[in-house]
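A.B. asks: Kindly produce the complete structure, drawing on both the sequences and the hints.
Protein chains in written order, with UniProt numbering: chain A, 1 to 426; chain B, 1 to 258.
Hints listed in this document are in silico derivations from the structure and should not be mistaken for laboratory results.
Using N, Cα and C, we set each Cβ at its ideal position, and we do this for glycine too.
There is no bait here: all hints are sound.
Here are the computed distance ranges between Cβ atoms for each label pair: (1) Ser155(A) to Leu252(B): 17 to 23 Å; (2) Ala147(A) to Leu7(B): 29 to 35 Å; (3) Arg308(A) to Leu8(B): 46 to 52 Å; (4) Val368(A) to Leu8(B): 53 to 59 Å; (5) Pro79(B) to Asp248(A): 53 to 59 Å.
Residues from chain A that keep clear of chain B, each with C-beta distances beyond 10 Å, as calculated: (6) Glu144; (7) Gln145; (8) Asp222; (9) Gly237; (10) Leu319; (11) Leu351; (12) Thr355.
Think about it this way: if two alpha-carbon atoms lie no more than 20 Å apart in a straight line, the pair counts; the simulated SDA-like pairs of lysine to any residue are: (13) Lys122(A) to Ser163(B); (14) Lys198(A) to Asp171(A); (15) Lys122(A) to Arg170(B); (16) Lys374(A) to Tyr277(A).
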Amino acid sequence: MSTPSTGEGLDTSQAVDIELEQVTKRFPGQDVPAVEDFSLSIPAGEIVVFVGPSGCGKTTTMRMINRLVRPTSGRILIGGRDASDIPSDQLRRRIGYVVQQAGLLPHLTVRQNLETVPRLLKWDKARIAERSSELFELVGLPEEQFAQRFPRELSGGQQQRVGVARALAADPPVLLMDEPFGALDPITRDRLQSELVKIQRRVRKTIVFVTHDIDEAIKLGDRVVVLRERSRIAQQGPPDEILAAPADRYVRAFIGGGAAVKRLQLVRVEDLEREDYPAFTRADGYDGILRTLRERQLDCSILLDEHRRPTRWLYRDELEDRPAHPEREGQAISGVVTATTTLHDAMNEMLAAGTGVVPVVDDQGVYVGAVRLKQVLAALEETHVTPVAEQSEAAPVRTIEEITGEIDGRAVQAAIAAGEEEATGT
Amino acid sequence: MSARLRLLLLPPLAVAAALAGLYLWVDGQQLDGISLFALTNDDAATSATIFDGHVLTKVGEHVRLVGISAVFVLLLGIPLGILLTRTRSRIVSGVLNGFFAAGQAAPVIGILVLLVAIFQLKSWVPYVGLVLYSVLPVMSNTVEGIRNVDPALIDAARGQGFSRWQVLRRVELPLAVPVMLAGVRTALVLLVGTATLATFVDAGGLGDVINDGIKNQRDVVMITGAVYAALLAVTIDWLAAIAERWLSPRGLRPEAGR
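C.D. replies: This is the structure we're talking about:
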């Protein structure tokens, strides 16, 4: 042990790099290894996403990093230290772990759940309390409102926020996330994904993220590692590279159709110029609002509440027809976006609202501007530098699989998965 | 008032009503010397009620039989249940389950007689018989409670760095508590019933009163003992239900949700 003073393996909270060297896992009684000769360098402070069909060994690969699965052969270096030199329980206390459906202990309050690992590490009380407050703030749950509640009293999204906070509790250098957002509804999933990006900008951990969802991989990954069966690497690289130049038919099928639209996952609202879209509070009064709309030749504006959070769309024609209270006019605003929302999700919000505009808010939900559908479309054209479609046309022969792969990647994924199941005789 | 709360208030009221009824009934009976002696243990007694010192002593003896046996049932049943969830050995689980299932299947009276035949009338004999008879529900409910814990939760706890012992103590056992308590409740009720047989190994309890009534053909005495035993079972079951409610982790209780 190089750190006999504490007996802990990873004393740092600074992100460290992870090196997997020719790692193989063979489960007893299975002829085919679950993970075969897997080598990968994971740079410190990046989100690396393992993506592949179910049963490809991606989760097993990840679980070898915190030794929930012991490698049959090969080495895993975390921050330059061989993970097998560190006692497993000590190692895991220094690696954050987020699982699907959060895995919170149902008999403990949110606060007790957050404090488990710091307690295991025997932090003193003041430090634990201070850290908990930081964590509540970090994941956007008001402490006074949530600390004493039990997991079952929380929505799925809130539970997973706590799950992320719990993993970060002891400020570990590494975070492992096993399909953390897989069980959430699409809207909550999009929001938590955006928030993870935001959190990562603050904490800068080395994150290994496992998913079967290529869109999620593209959206979150600094690097994406596309895996095929036995956890063999089909392609790895930055997401735009994988979208622009899929290494082979398998990767192309996995990406599926609409690669150009997928690239909207790589651009975020903060990359666009925010428009100073007109917004009013009740204090502006009906006449003031209508006058401004007429002056600026606008049809629509946003009504803010007393905390300057967007609440309703106001339409000029409605205001002119029925001079009444502006707060009862128009239509409730269904969705807002933040700086780290991807254009893909922003576009979804716009289409769902049917307005072609979506309000942008800051961390406190305060209105800071708006973005328009035409800006998103312009960004789409810009990202469309190397059209994937042209590349595949350039390929001399196209198989049925390739064509269907472009039509519906998920169907092909399912077919691949089904084929594997047949092959393993289940 | 919630339905659950009403269910918790009902048993003590029913027990009180039944006791009052029994009291009035016995009070209205003409009791001869044998009955009077059986209820009061006093040759000179001229009247008797069901609240006489002797009867209450027997109730106390009965509670002590049940209480001491229950302690040993817990001390034996819970660790054995935990052991069964830790071992993959079919032999260990087969032997334990078989032994205590046989203990429950065999008539207690037979076991008691057998123990006396071998060890004579030792004071621990009734406890061994009672414990053997009622370990099974505690042991198997401990196993069931622990096996029912979501494996994903255990995985998440292991992933956070809980040792196996910490997983058992801080995850599996707390989550198994409701099922385990249900087993304890069953065991307690079994114990109240079977403790009436302790009279045959000279260990006292309400069995003495019932047996006096049977031997002397005095129905009043027999019924007094039997009704007391039944009411004791209801009362202990009620106390166990309250314990179940308060000892179950708050986060698991249905009313914790809104």
